[in-house]
Amino acid sequence: MSQTSDSGSVLEVVVVDPTSPKHKSSAQHRRRWWTEVGWRYIVGAVMLVFAGFPILYVIGTSLNPVGSVTAGSIIPKTLTLSNYTTLFSGQKGPFWRWYLNTLIVCAFTAVTQIVASTLAAYAFSRLRFKGRRGGMLFLLLIMMFPNILSMIAIYTIFTQLGQVFPGIGLSTVLGYCIALTGGALGQVWLIKGTLDTVPKELDEAAIIDGATHFQVFSQILLPTLVPIIAVTTLLGFVGVISEFLIGTIFLTDNNSKTLAVGLYGMLTTDKSNNFGIFAAGAVLVAVPVIALFQFLQKYIVGGSTSGAVKG
Amino acid sequence: MTPTKTVGDGGQAPPRTRDTSTAGLIVKIIFLGAVLAIAVYAVPLLIHYKLWLWLVLILLAGGAIFFIYTTKRFIPGKYLFPGTLLLVLFLIVPIILTVRYSFTNLGDGSRGSKEDAIANIVTASVQQTAGSPLYNMAVAVENGDSVVDGPFILFLIERDDASQTVYYGGEGDELASYQGDVDKADGQVTAVDGYQLLTSLEINAIYTSLQEMTVKVGDNSGIKVNGPKAAFQGQATVTYDEANDQLVGIDGTIYPIGKVGNSDYFVGADGKPAFTQSWLQGVGGQNYTDLFNNSNIRSQFLGAFVWTFFFALLSVLLTFAVGFFLALTLNDDRIKGKKLWRSFLLLPYAVPGFISLLIWQNFWNRDFGMINNLFGLHVDWLGDPNLAKFAILFTQLWMGFPYMFIVCTGALQSIPGDVKEAAQIDGSTGLSTTFRITMPLLLISVAPLLVASFAFNFNNFNAIQLLTKGGPFLPGQYARGSTDILISMIYRQAFGGSGVNQGFASAMSVILFVLTGVIAAIQFRGTRKLEELA
Chain A
98 MSQTSDSGSV
108 LEVVVVDPTS
118 PKHKSSAQHR
128 RRWWTEVGWR
138 YIVGAVMLVF
148 AGFPILYVIG
158 TSLNPVGSVT
168 AGSIIPKTLT
178 LSNYTTLFSG
188 QKGPFWRWYL
198 NTLIVCAFTA
208 VTQIVASTLA
218 AYAFSRLRFK
228 GRRGGMLFLL
238 LIMMFPNILS
248 MIAIYTIFTQ
258 LGQVFPGIGL
268 STVLGYCIAL
278 TGGALGQVWL
288 IKGTLDTVPK
298 ELDEAAIIDG
308 ATHFQVFSQI
318 LLPTLVPIIA
328 VTTLLGFVGV
338 ISEFLIGTIF
348 LTDNNSKTLA
358 VGLYGMLTTD
368 KSNNFGIFAA
378 GAVLVAVPVI
388 ALFQFLQKYI
398 VGGSTSGAVK
408 G
Chain B
87 MTPTKTVGDG
97 GQAPPRTRDT
107 STAGLIVKII
117 FLGAVLAIAV
127 YAVPLLIHYK
137 LWLWLVLILL
147 AGGAIFFIYT
157 TKRFIPGKYL
167 FPGTLLLVLF
177 LIVPIILTVR
187 YSFTNLGDGS
197 RGSKEDAIAN
207 IVTASVQQTA
217 GSPLYNMAVA
227 VENGDSVVDG
237 PFILFLIERD
247 DASQTVYYGG
257 EGDELASYQG
267 DVDKADGQVT
277 AVDGYQLLTS
287 LEINAIYTSL
297 QEMTVKVGDN
307 SGIKVNGPKA
317 AFQGQATVTY
327 DEANDQLVGI
337 DGTIYPIGKV
347 GNSDYFVGAD
357 GKPAFTQSWL
367 QGVGGQNYTD
377 LFNNSNIRSQ
387 FLGAFVWTFF
397 FALLSVLLTF
407 AVGFFLALTL
417 NDDRIKGKKL
427 WRSFLLLPYA
437 VPGFISLLIW
447 QNFWNRDFGM
457 INNLFGLHVD
467 WLGDPNLAKF
477 AILFTQLWMG
487 FPYMFIVCTG
497 ALQSIPGDVK
507 EAAQIDGSTG
517 LSTTFRITMP
527 LLLISVAPLL
537 VASFAFNFNN
547 FNAIQLLTKG
557 GPFLPGQYAR
567 GSTDILISMI
577 YRQAFGGSGV
587 NQGFASAMSV
597 ILFVLTGVIA
607 AIQFRGTRKL
617 EELA
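Which chain is which? The protein sequence lines are A and B, in order.
Numbered according to this note's numbering, the first sequence terminates at residue 408, and the numbering increases by one at each position without gaps.
Numbered according to this note's numbering, the second sequence terminates at residue 620, and the numbering increases by one at each position without gaps.
By construction, these hints were calculated from the structure, which means they are not laboratory data.
Remember, it's a predicted structure, so these values are computed and weren't measured experimentally.
Using N, Cα and C, we set each Cβ at its ideal position, and we do this for glycine too.
Any given hint could turn out to be false.
Unchecked claim - Here are the simulated BS3-like pairs of lysine-lysine, each with C-alpha atoms no more than 27 angstroms apart in a straight line: (1) B:K345 / B:K475; (2) B:K158 / A:K227; (3) B:K302 / B:K136; (4) B:K315 / B:K302; (5) B:K270 / B:K315; (6) B:K200 / B:K345; (7) B:K164 / B:K114; (8) A:K189 / A:K368; (9) B:K270 / B:K200; (10) B:K555 / A:K297; (11) B:K200 / B:K315; (12) B:K555 / A:K368; (13) A:K189 / B:K555; (14) B:K424 / A:K297; (15) A:K227 / B:K164; (16) B:K158 / A:K368; (17) B:K345 / B:K358; (18) B:K555 / B:K424.
As the list claims (entries may be wrong) - Computed Cβ-Cβ distance ranges for the label pairs, DEER-style: (19) A:N370 / B:T251: 49 to 57 angstroms; (20) B:K136 / A:N370: 44 to 52 angstroms; (21) A:A204 / B:N330: 44 to 52 angstroms; (22) A:S186 / B:K200: 46 to 54 angstroms; (23) B:D466 / A:L153: 21 to 29 angstroms; (24) B:G256 / A:G264: 16 to 24 angstroms; (25) A:G264 / B:K114: 22 to 30 angstroms; (26) B:T375 / A:D350: 33 to 41 angstroms; (27) B:I116 / A:F185: 35 to 43 angstroms; (28) A:A204 / B:G368: 36 to 44 angstroms; (29) A:I201 / B:D327: 49 to 57 angstroms; (30) B:L426 / A:F185: 28 to 36 angstroms.
Could you build the full structure based on these sequences and the hints that come with them?
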């Protein structure tokens, strides 16, 4: 896992050109600054506008009383929270219910994934057994096939299971959660990689002391994994927010929808008039996630190396 | 410190006991008890609904749990089992079922067995005849069920019935007399314990689906809804003739079984299906034959494949080009506030993907979108195949370049400074250092990520569905819109509403499995993970 941080650049050697004259004319100096450094700020600024403008536009729209974006200007002339109050009133759909459902789905998926992956990573890293290598190979292969490729089978499976267990049928949040657990072993590689760096002497000593394999796992190794588990859980949490395909097949009842399915439905029923309200919802969804991402920034590269590419 | 084999108790360690603690034992007993309870609850129901596959899977899973968690052996199994069970049930079984469905005619009218199909046709044919008994009706749902989606239960009292017996039943149920607590007034049920009665308004809202409902009374008659507060008991106008395996109408018309398309139907004299209901049948390799031999379908499928490939490739290349350039630009020690730049440039990536896509879908709108608004244009971006493709790739660029920027920045910083220094001492200029030294080194480290990103975009359903829904649809394109990639085309075939053909869609899924497998193989070669299999 290659984590990056700013400390890398500090160590870089700054090459000083020994032939440069000690006193340069300021015009020359400025020209040189522009060709070597200044343009970088300009490129950065252009990209900053490209990256930031749509976001500012949406924030502006969410505060714009017209509700439709035809008003044109990014900064509304009068600020109003009417889009937010309409959204909260529930007349366009139970926004908070969707929010809650999404939190449930993300939490359930992230926790299931981390528990299953950590347990399996322990077996692969510390225990020796027949079929270990083959198992890892198979896992690596099968994880390349996302469950959305089997959407038809997942639909029929949960239609059938819903007859027997009504709580996990179609249009139930729990059923949707369970449908997404097929990839629960998705983080095995990341955690196994970390586990492999923990010295074996640590658990060998504990075993000699009479610890069971579960005590070794839970009391010796688990504490060393806390940081990676925390980060992986958060990444897993964020990774499920945008799940849409299985959601749109599964969740037809308004009260069981997630934000992705619910807001999509809301926006497509009346594109021109609902955009302001959608923008308000978008702000409320994106702000916490953006905050989380700022915190997770340095782990993203490492996380994605192991296959968790966010869409 | 001298290495010692006895830490802690200093050699006085008791003989190694691997007994589970009492708390652990209790947890174990509760867990195994729960597994047993689920199995005991589920098995009779699974048998009742004839869900043999799930019966086998649940028995196997339950057996495995008892086997693995009650012995002291199979220690790896104890750790691998939870994830493996989920993997098998919700990833591998769906894959196997998809392959199986690809050899059937699975679809909206052909989901159940032939017996179910016949029963449905017969009950649906119930019509009012002279002297049909009439009922006063109340519509209910069980407490907690949706008053919009049901399932709905009818509570009926026959008119002119002095005993005021209450009958009840739902779609496809056999009518039965109701024994629970009921309030009645004027020959009408007004309240039932445990049920919520629908108001007239709620009944109006769902009236069309109520009209399709039939509660069975014996084999050849049933209850149909007849107005918001009334129902009648009528006779089936079609019956099944088991000896000749055909349906017979009340007027003597015969509907034999005939093949239409890939499926058997009960057909009329003109050879066309007399009833839309069919049943699940094996069709051999017919779905695959259709896919490869029907020139129209084949060309649409090939079109989807080509666009899927270029969509994924260009998404990766564009985001990488911009992200790499930006990383080169900003990875300079003389730039101030690099952390701040990075935080702000990361923003598009931090916004949840579905939000970004829906925002951009609106931006590209011809009449009130931001793009046309900003530049004073009136371009129908999503209405033209090429412009729509451009819009998709541009949106992908906006969403994806920060990821490549972060990745490339990380890779640049991990390239040792002395390599560049050595090149400079050897007389290399800034630009040629970049292209001959930095870029090859960087490509080595990010190549696996590029392949992974390609694999992800190959099945990036959201990017298509949330922006264009696969559209625009040109004349002659019925199975696929201009911007449909394979997965969104499959989605349209399987759940698109009209002409749902899930067997055929499954065959396309199988092809997509193969293609994804090819990409996976390339990814395998690219990553060094295989060598890490220590």
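Structure-based check of all given hints:
In summary, the hint linking B:K345 to B:K475 is not supported, as the alpha carbons are separated by about 41 angstroms, beyond the 27 angstroms threshold. Among the hinted pairs, B:K158 with A:K227 is consistent with the structure: their alpha-carbon atoms are about 17 angstroms apart, no more than 27 angstroms. A distance of roughly 21 angstroms separates the Cα atoms of B:K302 and B:K136; the hinted pair therefore holds under the 27 angstroms criterion. At roughly 19 angstroms between alpha-carbon atoms, B:K315 and B:K302 fall within 27 angstroms of each other, so this suggested pair holds.
For the suggested pair B:K270 and B:K315, the alpha carbons sit about 14 angstroms apart, so the restraint of at most 27 angstroms is met. For the suggested pair B:K200 and B:K345, the alpha carbons sit about 14 angstroms apart, so the restraint of at most 27 angstroms is met. The straight-line distance between the Cα atoms of B:K164 and B:K114 is roughly 12 angstroms, inside the 27 angstroms bound, and the hint therefore holds. For the suggested pair A:K189 and A:K368, the alpha carbons sit about 12 angstroms apart, so the restraint of at most 27 angstroms is met.
Using a Cα cut-off of 27 angstroms, the hinted pair B:K270 and B:K200 is violated, with the two alpha carbons roughly 41 angstroms apart. Taking the CA atoms of B:K555 and A:K297, the gap is about 52 angstroms. The hint is violated against a cut of 27 angstroms. Simply put, B:K200 and B:K315 have alpha-carbon atoms about 34 angstroms apart, too far for the 27 angstroms limit, and the pair is violated. Under the criterion of a C-alpha separation no larger than 27 angstroms, the hint pairing B:K555 with A:K368 is consistent with the structure, at around 14 angstroms.
Proximity of A:K189 to B:K555 is assessed by CA-CA distance (about 22 angstroms); at most 27 angstroms being required, the pair is judged to hold. For the hint linking B:K424 to A:K297, the alpha-carbon distance of about 39 angstroms lies beyond 27 angstroms, and the restraint is violated. With a CA separation close to 14 angstroms, the supplied pair A:K227 and B:K164 stays within the 27 angstroms bound. Between the alpha carbons of B:K158 and A:K368 the distance comes to roughly 61 angstroms, so the proposed pair goes past 27 angstroms and is violated.
About 9 angstroms separates the Cα atoms of B:K345 and B:K358, which keeps this hinted pair within 27 angstroms; it holds. Among the hinted pairs, B:K555 with B:K424 is inconsistent with the structure: their alpha-carbon atoms are about 39 angstroms apart, more than 27 angstroms. Separation of A:N370 from B:T251 is about 52 angstroms and conforms to the stated range, judged on CB atoms against 49 to 57 angstroms. As the Cβ distance of B:K136 to A:N370 is approximately 48 angstroms, the hint placing it in 44 to 52 angstroms holds.
A beta carbon spacing of about 58 angstroms between A:A204 and B:N330 contradicts the range 44 to 52 angstroms that was offered as a hint. Range check, A:S186 to B:K200: Cβ separation about 50 angstroms, and the 46 to 54 angstroms hint holds. At roughly 26 angstroms, the beta-carbon separation of B:D466 and A:L153 lies within the given 21 to 29 angstroms, and the hint holds. The hint said 16 to 24 angstroms for the Cβ distance between B:G256 and A:G264, and at roughly 19 angstroms that hint holds.
Against the hinted window of 22 to 30 angstroms, the Cβ-Cβ separation of A:G264 and B:K114 comes to about 25 angstroms, which satisfies the hint. As the Cβ distance of B:T375 to A:D350 is approximately 39 angstroms, the hint placing it in 33 to 41 angstroms holds. One distance hint, 35 to 43 angstroms for the beta-carbon pair B:I116 and A:F185, holds here, with the actual separation near 42 angstroms. For the pair A:A204 and B:G368, the supplied restraint of 36 to 44 angstroms holds, since their beta-carbon distance comes to about 42 angstroms.
Between A:I201 and B:D327 the beta carbons are some 52 angstroms apart, a value that agrees with the proposed interval 49 to 57 angstroms. Between B:L426 and A:F185 the Cβ separation comes to about 34 angstroms, which falls inside the hinted range of 28 to 36 angstroms.
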